[in-house]
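Order-wise, the sequence lines are chains A and B. Heads up: the first sequence begins at 24 in this note's numbering, then just goes up one per residue. Heads up: the second sequence begins at 24 in this note's numbering, then just goes up one per residue.
Don't take every hint at face value.
Any copy, or any two copies together, can satisfy a pair, since identical chains are not distinguished.
Stated by the list, open to error - 27 Å max Cα-Cα, derived DSSO-like pairs, lysine-lysine:
hint : residue 1 : residue 2
1    : Lys129    : Lys29
2    : Lys129    : Lys169
3    : Lys169    : Lys220
4    : Lys129    : Lys220
5    : Lys220    : Lys203
No lab work stands behind these hints: they were computed from the structure.
There are 2 protein chains.
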Amino acid sequence: MNQLPKGEDVRKADHPIEKIFLQRWSPRAMSGEPISEQEMLTLFEAARWAPSTYNEQEWRFLYARRETPHWLAFFDLLVERNQAWCAKAALLSVIVAHKVFESNKKPNPVHAFDSGLAYENLALQGAAMGLVVHAMQGFDFEGARKSLAVPDDYAVCAMFAAGRPGNPGDLPAETREREKPSLRKPVREIICEGSFK
Amino acid sequence: MNQLPKGEDVRKADHPIEKIFLQRWSPRAMSGEPISEQEMLTLFEAARWAPSTYNEQEWRFLYARRETPHWLAFFDLLVERNQAWCAKAALLSVIVAHKVFESNKKPNPVHAFDSGLAYENLALQGAAMGLVVHAMQGFDFEGARKSLAVPDDYAVCAMFAAGRPGNPGDLPAETREREKPSLRKPVREIICEGSFK
Numbered sequence: 024m025n026q027l028p029k030g031e032d033v034r035k036a037d038h039p040i041e042k043i044f045l046q047r048w049s050p051r052a053m054s055g056e057p058i059s060e061q062e063m064l065t066l067f068e069a070a071r072w073a074p075s076t077y078n079e080q081e082w083r084f085l086y087a088r089r090e091t092p093h094w095l096a097f098f099d100l101l102v103e104r105n106q107a108w109c110a111k112a113a114l115l116s117v118i119v120a121h122k123v124f125e126s127n128k129k130p131n132p133v134h135a136f137d138s139g140l141a142y143e144n145l146a147l148q149g150a151a152m153g154l155v156v157h158a159m160q161g162f163d164f165e166g167a168r169k170s171l172a173v174p175d176d177y178a179v180c181a182m183f184a185a186g187r188p189g190n191p192g193d194l195p196a197e198t199r200e201r202e203k204p205s206l207r208k209p210v211r212e213i214i215c216e217g218s219f220k
Numbered sequence: 024m025n026q027l028p029k030g031e032d033v034r035k036a037d038h039p040i041e042k043i044f045l046q047r048w049s050p051r052a053m054s055g056e057p058i059s060e061q062e063m064l065t066l067f068e069a070a071r072w073a074p075s076t077y078n079e080q081e082w083r084f085l086y087a088r089r090e091t092p093h094w095l096a097f098f099d100l101l102v103e104r105n106q107a108w109c110a111k112a113a114l115l116s117v118i119v120a121h122k123v124f125e126s127n128k129k130p131n132p133v134h135a136f137d138s139g140l141a142y143e144n145l146a147l148q149g150a151a152m153g154l155v156v157h158a159m160q161g162f163d164f165e166g167a168r169k170s171l172a173v174p175d176d177y178a179v180c181a182m183f184a185a186g187r188p189g190n191p192g193d194l195p196a197e198t199r200e201r202e203k204p205s206l207r208k209p210v211r212e213i214i215c216e217g218s219f220k
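Here chain A stands alone, though its shape is the one from the complex (with noise of 0.2 Å):
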């Protein structure tokens, strides 16, 4: 298998971090290969540990692997520049939350942000696997509502695409000259004391 380059190799925090959220980046170039049942279940299950208002988990993976039927639907949703590298992905996923509380009906105002805390959490565990995962918001959101049949009363957040790692070589000359970890704006340019600045 391809080994991914490592974040922590051409990223420098400037405060003390744990390694793995240098290490974890987010590369297109798969191979093509299969994951097994059993590392797909592992990413889901760091997930699934992720927090959320009064625990509500009001997150929901759809998923298709590449060689079942169901992978067709996930694969049309995608923008053709997404479909150039995410081809060659094992799993791809639309990521639906449920935008009431069960028990009440209520609005749930953290809906779309608790689930980007489960999906961290699952970018980070493919990461320690050696895996890609990569989200993507380049997709038709409505169609996604349309053809998996999500209700009403869920949003559609976001896409992701997981593989195993391939050969940069291969990726359409636009996204190869990216496949590298980026940077990212000093800390003090994203936070603020006090009021908005």
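Knowing the structure of chain A, use the given hints to seat chain B on it.
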């Protein structure tokens, strides 16, 4: 400093995940001690390295430390049952997200989701440091916008409190009973092969 009960002492994963996901939980008991500037920056540094669409980094963390003039504006946003335990927090933060892309001002459909990714990194980093980090939706979202001057093109996503672990016996009776790592639905209940069922 008080030691937090470890999540992994009472939780068992059904599939083999990294220890940090079980270790992290959402305590409420804090000691009232401050956290250092360096510790705070380390929490935000972890958030900084989360993925986001086009590496947009659309999250922004407004914050107040307890011994500062900013504190009351944040504390006053909380509902009473959160004020009861957040009075001993060292740090309160309101997480906001840019709803449009910087480059073209078009709507970003994953702004709240992405901000969740950043927060989860921060929460996991806090767990690794033995700190309490606890997200909340029990606060005045519109009040936050007004009193913290959040622009219209930013969404108010969530708040969180952070601080040093305290004595659970000091919590009000209702929250004291909940002061333990919570469990989760089985993974099969949060995943679905193919369409929503």
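Here is what the structure says about each hint:
1. Lys129 to Lys29: Neither: 43 Å inside a copy, 33 Å across copies.
2. Lys129 to Lys169: both (24 Å within a copy, 24 Å between copies)
3. Lys169 to Lys220: Between copies only: 13 Å across chains, 41 Å inside a chain, cut-off 27 Å.
4. Lys129 to Lys220: This pair counts as between: shortest inter-copy Cα distance 22 Å, intra-copy 33 Å.
5. Lys220 to Lys203: neither (32 Å within a copy, 37 Å between copies)
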